[in-house]
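Asker: FYI, in my numbering the residues of the sequence shown are 141 to 871.
There could be a bad hint or two in this list.
DMTMM-like, lysine to aspartate or glutamate: derived pairs with alpha carbons at most 25 Å apart [to be verified]:
#1 K559 <-> E522
#2 K559 <-> E843
#3 K247 <-> D320
#4 K559 <-> D546
#5 K247 <-> E296
#6 K559 <-> D697
#7 K559 <-> E733
#8 K247 <-> E858
#9 K559 <-> D504
#10 K559 <-> E292
#11 K559 <-> D578
#12 K642 <-> E292
Derived DEER-like restraints, expressed as beta-carbon distance ranges [claimed, not checked]:
#13 E469 <-> D611: 20 to 30 Å
#14 S154 <-> G617: 28 to 38 Å
#15 E552 <-> E858: 44 to 54 Å
#16 E269 <-> P321: 19 to 29 Å
#17 A332 <-> R543: 51 to 61 Å
#18 R831 <-> T719: 16 to 26 Å
#19 A862 <-> E469: 31 to 41 Å
Please keep in mind that the hints were generated in silico from the structure rather than gathered at the bench. Here a beta-carbon is modelled for each residue, glycine too, at the ideal position from N, C-alpha and C.
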Amino acid sequence: MMTKVGYLPDETSSFVGRRAELARLHTALTTRRMTTLIGPGGVGKTRLAVRAARAAADRYPDGAWWADLSPLPDDGLLLPTVSDAVGLADHTLRMPVEALCEWLGDKRLLLVLDSAEHLRGPCSHLLAEILTTSRGLTVLVTSRQPLGTRGEYVVEVPPLPVDGAPDALQLFADRLRAADPRAGLDAPGDEAAAVEICRRLEGIPLAIELAAAGIGRHSVAQLAARIGTRFDARFDARGAHGRSGVLALTPGFGAPGPGAPGAPGVAGAAGDDDGGRGTARLDLLADATVWPRRHRTLRTAIGWSHELCTPLERLLWARLTPLRTDFDEEVAREVCAGGPLTPDEVDRALQGLVAQCVVQRDGDRYRMLDTLREYGRMWLTELGEARAAADRHARSFLDLARRAHDGWTGPEQVSWYHKVSDTHLDLCAALEHLLVHDVGGAQEMAGRVGFFWACCGHLSEARSYAQRALDAGPVEGPHRTRLQWVLGVAALLQGDFATAEKYGALCTAVALFDRDDEGMLGAAYLSGLTQLMTGEPAAALEAAGRVLRMTESVPVDSAHRLRCHLITVFALTALGRLTESEAAATALRRACERGGEYWTRSYADYQLALIALFQGRPSASAAHARSMLAGKHRLRDSFGIALGLDILAAAIAAQGAGAQAARVYGTGHAYWRMVGHPQRGTPELGPVRERCELQARAAVGDEAYQRAFERGQSDNAEVGLAAALRTELQL
Numbered sequence: 141m142m143t144k145v146g147y148l149p150d151e152t153s154s155f156v157g158r159r160a161e162l163a164r165l166h167t168a169l170t171t172r173r174m175t176t177l178i179g180p181g182g183v184g185k186t187r188l189a190v191r192a193a194r195a196a197a198d199r200y201p202d203g204a205w206w207a208d209l210s211p212l213p214d215d216g217l218l219l220p221t222v223s224d225a226v227g228l229a230d231h232t233l234r235m236p237v238e239a240l241c242e243w244l245g246d247k248r249l250l251l252v253l254d255s256a257e258h259l260r261g262p263c264s265h266l267l268a269e270i271l272t273t274s275r276g277l278t279v280l281v282t283s284r285q286p287l288g289t290r291g292e293y294v295v296e297v298p299p300l301p302v303d304g305a306p307d308a309l310q311l312f313a314d315r316l317r318a319a320d321p322r323a324g325l326d327a328p329g330d331e332a333a334a335v336e337i338c339r340r341l342e343g344i345p346l347a348i349e350l351a352a353a354g355i356g357r358h359s360v361a362q363l364a365a366r367i368g369t370r371f372d373a374r375f376d377a378r379g380a381h382g383r384s385g386v387l388a389l390t391p392g393f394g395a396p397g398p399g400a401p402g403a404p405g406v407a408g409a410a411g412d413d414d415g416g417r418g419t420a421r422l423d424l425l426a427d428a429t430v431w432p433r434r435h436r437t438l439r440t441a442i443g444w445s446h447e448l449c450t451p452l453e454r455l456l457w458a459r460l461t462p463l464r465t466d467f468d469e470e471v472a473r474e475v476c477a478g479g480p481l482t483p484d485e486v487d488r489a490l491q492g493l494v495a496q497c498v499v500q501r502d503g504d505r506y507r508m509l510d511t512l513r514e515y516g517r518m519w520l521t522e523l524g525e526a527r528a529a530a531d532r533h534a535r536s537f538l539d540l541a542r543r544a545h546d547g548w549t550g551p552e553q554v555s556w557y558h559k560v561s562d563t564h565l566d567l568c569a570a571l572e573h574l575l576v577h578d579v580g581g582a583q584e585m586a587g588r589v590g591f592f593w594a595c596c597g598h599l600s601e602a603r604s605y606a607q608r609a610l611d612a613g614p615v616e617g618p619h620r621t622r623l624q625w626v627l628g629v630a631a632l633l634q635g636d637f638a639t640a641e642k643y644g645a646l647c648t649a650v651a652l653f654d655r656d657d658e659g660m661l662g663a664a665y666l667s668g669l670t671q672l673m674t675g676e677p678a679a680a681l682e683a684a685g686r687v688l689r690m691t692e693s694v695p696v697d698s699a700h701r702l703r704c705h706l707i708t709v710f711a712l713t714a715l716g717r718l719t720e721s722e723a724a725a726t727a728l729r730r731a732c733e734r735g736g737e738y739w740t741r742s743y744a745d746y747q748l749a750l751i752a753l754f755q756g757r758p759s760a761s762a763a764h765a766r767s768m769l770a771g772k773h774r775l776r777d778s779f780g781i782a783l784g785l786d787i788l789a790a791a792i793a794a795q796g797a798g799a800q801a802a803r804v805y806g807t808g809h810a811y812w813r814m815v816g817h818p819q820r821g822t823p824e825l826g827p828v829r830e831r832c833e834l835q836a837r838a839a840v841g842d843e844a845y846q847r848a849f850e851r852g853q854s855d856n857a858e859v860g861l862a863a864a865l866r867t868e869l870q871l
């Protein structure tokens, strides 16, 4: 959910108890700069952190922000994940940690890092840096063990009390009703049986929730009896491989034995494809030296839930574990179907896992808690399906990349844009797998998602994966051109014009050799944009025009053809040929509108706003600027929003509304800081900004201008943008 400023996860079920812990956290967040909630898996650290952060959010002018670290297999994406969580979309060549420290330097915000136990060292190092440079930063961490960072204040999260307090019983009753609205504790002996269940489960919230979810197949009394007589006896405390802490999946309980009725029949390559990372998390979960009894209790509860699942539900539980982020039913079918799990069976089994509280549902999205994912990952390895599951996951997201690339200029552009952005960690995981097992697939995928990532602000990942794919082995044809094009566009957006120029020339040479018209158009866009940014509009106009004439067989609505026409518009405006530029921009906008394309269309709006401003039509300029901003907002394009706010502020200033212009300039400044550049753009924009800022200051005076500017700058970015989009901007 969005807080007043920031983002915290939604709470989708009731919150029970924890008054003492919340009071302690309130004090800690007020007096300490770093607090770590520790406790065994399933004890409720995440729920407690969400509730505490929401209660504290209003104390932080720059908001409360959440970073979920559970999907990260290692520290490779730690910095991008934290940067993304706090709204930084850096477009510079700086070291990522330097950019993050600068972004946080003057902010007063709360940052929550959830599930940090498998990244304790990297998290400790990162937090030591940002807490030193960002004096207004407060950090709340959840982890199974302390991070060991200097100044860390550790709060142990205990289970819910089962004696002398109703909290555990209340949680059981709430989850019982959630599983079956007709259920309750009304029958004679039910409440006593429920108390016994909570006592046997030692008040561990996840264990209680899993037990309550199984009530559809048992009465409360039966559940209590089975827990009392069977739970502990069904597990081998030493584990499946003789290692302390790894569950034994014995035939007849968690794992059907070979040939057993309902045993999964899909063979897969043996071996744990995560390089042991999943096992490391499981060893931590069950480490007999850390939370020994409570870990055993939780293992028992998870195993009980596993036993209650049908064989196909168990198989789906295992096969879902390669997914790093939330998913929908379509993704579940693509990643998990095979053998006895037909697509229809996937749908049925998924609903069964939801009923068992193994998978959580929020609208049309699903997710699995990391503790349950770890269990499923171990089960996947026991089945010998880890490699096969990783292959299916990678193939699924390679197919998503293909469809997104092909759908870029169609009516589903915004939907594809968000899907690529929202599945970022899964795409990265698929790329990592393909780089090892299918280099050609990795090269294709990095080329197809690179532009999306550049637009989403993931420039470092776009550039890194494209370079790794290019270096991984020989690649020819369109895949090579796309990889070089992604490298060039990412370099250009980071201000590395020499590298962008180099890749523009390489793309041109490869596309000419391959007689690849789409590649030629892409190369012309990259080279033309580089020339525009370096003050050579005439060269950009000539090159774009030449390639457009050479490639007339390419459909007018192809992505690269539209972009080449955009270069023509920019170049004509920069050369002062405003009548021609306006006609070209209007035609380009219509072509984009017909196809449902927003990205290029919004830049056509931007050019129409600039042209109208040059022609002395500030009201029309403001209307075009707002149209541009609406499009860029739909695409979450921070760089484009920053450009649009500057041109809108200029148009407002030209109408004599100095204070309103100053506020929009202030909001624009916040977006420029977000991308790390001080008002980037083509060279002709500098004088426009300077002239219009002087107009605004002259209209209201320096003091009033500065007040309005600072208000816009201090607004939450979304709030400031929403205000700018209103025709009548209120101060």
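Asker: Each of the hints needs a verdict: does it hold here or not?
Answerer: Do the hints match the structure? See the list:
1. A distance of roughly 32 Å separates the Cα atoms of K559 and E522; the hinted pair therefore is violated under the 25 Å criterion.
2. Note on K559 and E843: the hinted pairing is violated, with a Cα-Cα distance of about 45 Å set against a maximum of 25 Å.
3. Proposed proximity of K247 and D320 is contradicted: the alpha carbons are some 46 Å apart, above 25 Å.
4. Between K559 and D546, the direct Cα distance comes to roughly 14 Å. Compliance with the 25 Å bound is thereby established for this hinted pair.
5. Distance restraint check for K247 and E296: the Cα-Cα separation of roughly 28 Å exceeds the 25 Å cut-off, and the hinted pair is therefore not satisfied.
6. The hinted pair formed by K559 and D697 meets the criterion: a straight-line CA distance of about 22 Å does not exceed 25 Å.
7. Annotation: proposed proximity of K559 to E733 holds, straight-line Cα distance about 21 Å (limit 25 Å).
8. With a C-alpha separation of about 17 Å, the suggested pairing of K247 with E858 holds against the 25 Å cut-off.
9. About 13 Å separates the Cα atoms of K559 and D504, which keeps this hinted pair within 25 Å; it holds.
10. Using a Cα cut-off of 25 Å, the hinted pair K559 and E292 is violated, with the two alpha carbons roughly 37 Å apart.
11. Of the pairs offered as hints, the one joining K559 and D578 holds, with about 23 Å between alpha carbons and a cut-off of 25 Å not exceeded.
12. Taking the CA atoms of K642 and E292, the gap is about 48 Å. The hint is violated against a cut of 25 Å.
13. Restraint check, E469 to D611: a C-beta distance of roughly 37 Å breaks the suggested window 20 to 30 Å.
14. Take S154 and G617: their Cβ atoms lie about 57 Å apart, and the range 28 to 38 Å is violated.
15. Distance hint check for E552 and E858: the Cβ-Cβ separation is about 24 Å, which falls outside the suggested range of 44 to 54 Å.
16. Hint check: E269 to P321, Cβ distance near 50 Å, so the stated range 19 to 29 Å is violated.
17. At about 56 Å, the CB distance of A332 to R543 agrees with the hint of 51 to 61 Å.
18. Between R831 and T719 the C-beta distance comes to about 22 Å, which sits within the given range of 16 to 26 Å.
19. Range check, A862 to E469: Cβ separation about 33 Å, and the 31 to 41 Å hint holds.
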